[in-house]
Amino acid sequence: MPRLVSHPDEVKIVSRRFGLGADHIDRYVELGGYESAKKCLAQGPDWIINEMKASNLRGRGGAGFPAGLKWSFVPKQSAKPKYVLVNGDESEPGTCKDHLIFLHDPHAVIEGTIIAGLAIGAKLGFIYLRGEYRYLLKIMEKAVADAYIKGFLGKNIFGSETEFQVITHSGAGAYEVGEESALMESLEGKRGVPRIRPPFPAVVGVYGGPTIINNAETIATVPHVIEMGAAAYAEVGSPRNGGTRLFCISGHVERPGVYELPMGYNLKKMIYDVAGGIRGGRGLKAVVPGGSSTPVLLPGEIDIGMDFDQVGKAGSMLGSGGVVVIDDQTCIVEFALRTISFYQHESCGWCIPCREGTDWLKKSLMRFHAGFGEAKDIDNIQYLAENMLGRTFCPLGDAAAMPMLGFVKKFRKEFEEHLNGKACPFAKHMEMAVI
Amino acid sequence: MNDETMTLFSPRLAARLDALVEKYPVRRSALVPMLLYAQDEIGYLSDAVISEVAQRIGITELEVRNVATYYSMLRFKPAGKYNVQVCTNISCMLRGGFEIYDRFQEELGIGHKGVTGDGLFSLEEVECIGACCWAPAIQVNYEFYDDLTPELVPGILDAYRLKARAPSDGSSPLGRKAEPEGTDAHA
Numbered sequence: 030m031p032r033l034v035s036h037p038d039e040v041k042i043v044s045r046r047f048g049l050g051a052d053h054i055d056r057y058v059e060l061g062g063y064e065s066a067k068k069c070l071a072q073g074p075d076w077i078i079n080e081m082k083a084s085n086l087r088g089r090g091g092a093g094f095p096a097g098l099k100w101s102f103v104p105k106q107s108a109k110p111k112y113v114l115v116n117g118d119e120s121e122p123g124t125c126k127d128h129l130i131f132l133h134d135p136h137a138v139i140e141g142t143i144i145a146g147l148a149i150g151a152k153l154g155f156i157y158l159r160g161e162y163r164y165l166l167k168i169m170e171k172a173v174a175d176a177y178i179k180g181f182l183g184k185n186i187f188g189s190e191t192e193f194q195v196i197t198h199s200g201a202g203a204y205e206v207g208e209e210s211a212l213m214e215s216l217e218g219k220r221g222v223p224r225i226r227p228p229f230p231a232v233v234g235v236y237g238g239p240t241i242i243n244n245a246e247t248i249a250t251v252p253h254v255i256e257m258g259a260a261a262y263a264e265v266g267s268p269r270n271g272g273t274r275l276f277c278i279s280g281h282v283e284r285p286g287v288y289e290l291p292m293g294y295n296l297k298k299m300i301y302d303v304a305g306g307i308r309g310g311r312g313l314k315a316v317v318p319g320g321s322s323t324p325v326l327l328p329g330e331i332d333i334g335m336d337f338d339q340v341g342k343a344g345s346m347l348g349s350g351g352v353v354v355i356d357d358q359t360c361i362v363e364f365a366l367r368t369i370s371f372y373q374h375e376s377c378g379w380c381i382p383c384r385e386g387t388d389w390l391k392k393s394l395m396r397f398h399a400g401f402g403e404a405k406d407i408d409n410i411q412y413l414a415e416n417m418l419g420r421t422f423c424p425l426g427d428a429a430a431m432p433m434l435g436f437v438k439k440f441r442k443e444f445e446e447h448l449n450g451k452a453c454p455f456a457k458h459m460e461m462a463v464i
Numbered sequence: 604m605n606d607e608t609m610t611l612f613s614p615r616l617a618a619r620l621d622a623l624v625e626k627y628p629v630r631r632s633a634l635v636p637m638l639l640y641a642q643d644e645i646g647y648l649s650d651a652v653i654s655e656v657a658q659r660i661g662i663t664e665l666e667v668r669n670v671a672t673y674y675s676m677l678r679f680k681p682a683g684k685y686n687v688q689v690c691t692n693i694s695c696m697l698r699g700g701f702e703i704y705d706r707f708q709e710e711l712g713i714g715h716k717g718v719t720g721d722g723l724f725s726l727e728e729v730e731c732i733g734a735c736c737w738a739p740a741i742q743v744n745y746e747f748y749d750d751l752t753p754e755l756v757p758g759i760l761d762a763y764r765l766k767a768r769a770p771s772d773g774s775s776p777l778g779r780k781a782e783p784e785g786t787d788a789h790a
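Top line first, the protein sequences correspond to chains R and Y. When you read off a place in the first sequence, starting at 1, and then add 29, the result is the number in my numbering. When you read off a place in the second sequence, starting at 1, and then add 603, the result is the number in my numbering.
For reference, chain R alone in the conformation it holds in the complex:
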């Protein structure tokens, strides 16, 4: 079972009920659960959307789009039914926060889905979990069944005239369906290839109806925003970055784990204080701040606040909150190779720059790491990556290219040290399994 951690600097909002048995509906209610949904039912859609806007809650999936604003794009009148789609296809390497939400607080996801539905006038919500999360899907299915029995879901939620239904759904292995348009395709029983936008899902989404799609953490945060009040929630974070974030600190730290910290919390402090510093007293080489698709930061670049704006200013992205810490005994070429192998494996092949780019980047890096690289390969890696950027339907191409650019720009010397048949100074896995 995933280990829970804690640190005095944590501000437990979303993780408040972790480890308290809140997967049982009675316990969840005892801990204040479903009160926010009842309040929203009484207050109505405009009030909910205004609260969400005022909370400065930004999408926790990676893009950081303000949730309230996204919800406000859904047309009030629609000939087709409207839907809520919860993105629990958590697959960004370095990210395991939704895992804990589904495990410890499944009703928060359901309650958030109800509130999102009330805000836009939807009668049906889908909760999509990646296929590998079968044990978590069972927890969600049980929670949904319990919510129906209590009358919190159904034709007349909380005894009102309002209907809201929830369907849980399992994927079957695909990183790309974490992208919202591919997620809709997958939910509709198709290959998870992206759709071109516009139209955006808020106008034309699932089955052609207006749809709001939010990450599971965003949705699980919603009941807390309502409970605390938008102003109090926004107050916790930094300007334009409301609240907290579940930061997944992994890699070479003494105490890896999912820590809930205020938006804007200092990255250096997060690594050296919260996560206990670098394992075995080693030195820090690099940090991937927001999941594998975000450009790497050097030790001199980590004295920054972890919110969407500040990490952006530092040349990277807050992404999905997956902080991957790399010590000074790690080969960056190998790390880059493992990263691109992932994107090559996950590219759906729909857009040529991504399909070909990830493949050639992987080939170049494999050759390079095996000691057969040439000086021109370094520039070639950069050239390939630069030509993928912005040229694909979905962000997978960018997600593959951006970290590669970071590695070759910031660690050019280490690439050069692999040249001309020289063995990798950190050699461990010269022949990486091809997957």
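These aren't lab readings, by the way, just hints derived from the structure by calculation. Virtual Cβ for every residue (Gly too), placed ideally from N, Cα, C. Incorrect hints may have been included.
As the list claims (entries may be wrong) - So these bits of chain R aren't anywhere near chain Y, every CB distance computed over 12 Å:
1) P95
2) Q106
3) E161
4) G180
5) K342
6) A343
What the hints assert, rightly or not - With a straight-line Cα cutoff of 25 Å, these simulated BS3-like cross-link-like pairs (lysine-lysine) come out:
7) R:K219 / Y:K684
8) R:K68 / R:K82
9) R:K392 / R:K405
10) R:K82 / R:K67
11) Y:K626 / R:K167
12) R:K109 / Y:K716
13) Y:K716 / R:K392
14) R:K171 / Y:K716
15) R:K67 / R:K219
16) Y:K626 / R:K184
17) R:K68 / R:K41
18) R:K167 / Y:K684
With chain R's structure known, arrange chain Y on it following the hints.
Same frame as chain R, but now just chain Y:
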């Protein structure tokens, strides 16, 4: 469903799939989970499974194959009874994922997507399974094991060998959360 297909799936799975297609506003939404649940029972997507799923959804077999080939968990050849999936993605790699993978290869004498001669185990190097903070992690079928060291590998395999011999009571061999093989408790 006709008599021939009735025998393909267990009555329990058949009932579950009947309910699955009714669950969605549009029948086709049931396709991906249906393929996964069928695979859980049959072991892989055989021609017969694809044919039956196509009938149940009301689309052609070609359309089913077109979708199925997209998803990495779906397979067209049998795997072992226990499919060992070792994550070697970045967070696991940094904490010894490759060493875990190497040890499984050594112990089982098979490589990526290989199946042992007795059909008991198969091995896969997989992408991130969402257990980064508890790395290195693996899944055996749907069961997670985390914070691993290579020394723990033989014990995990032995426990599954023992489980294969003993009549199943649905519990995990290592005393973790129960997961009846290839089925779903909330059908």
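Among the hints numbered above, which are violated by the structure, and what are their numbers in rising order?
Numbers 3, 7, 12, 14, 15 - these are the hints that the structure violates, sorted from lowest upward.
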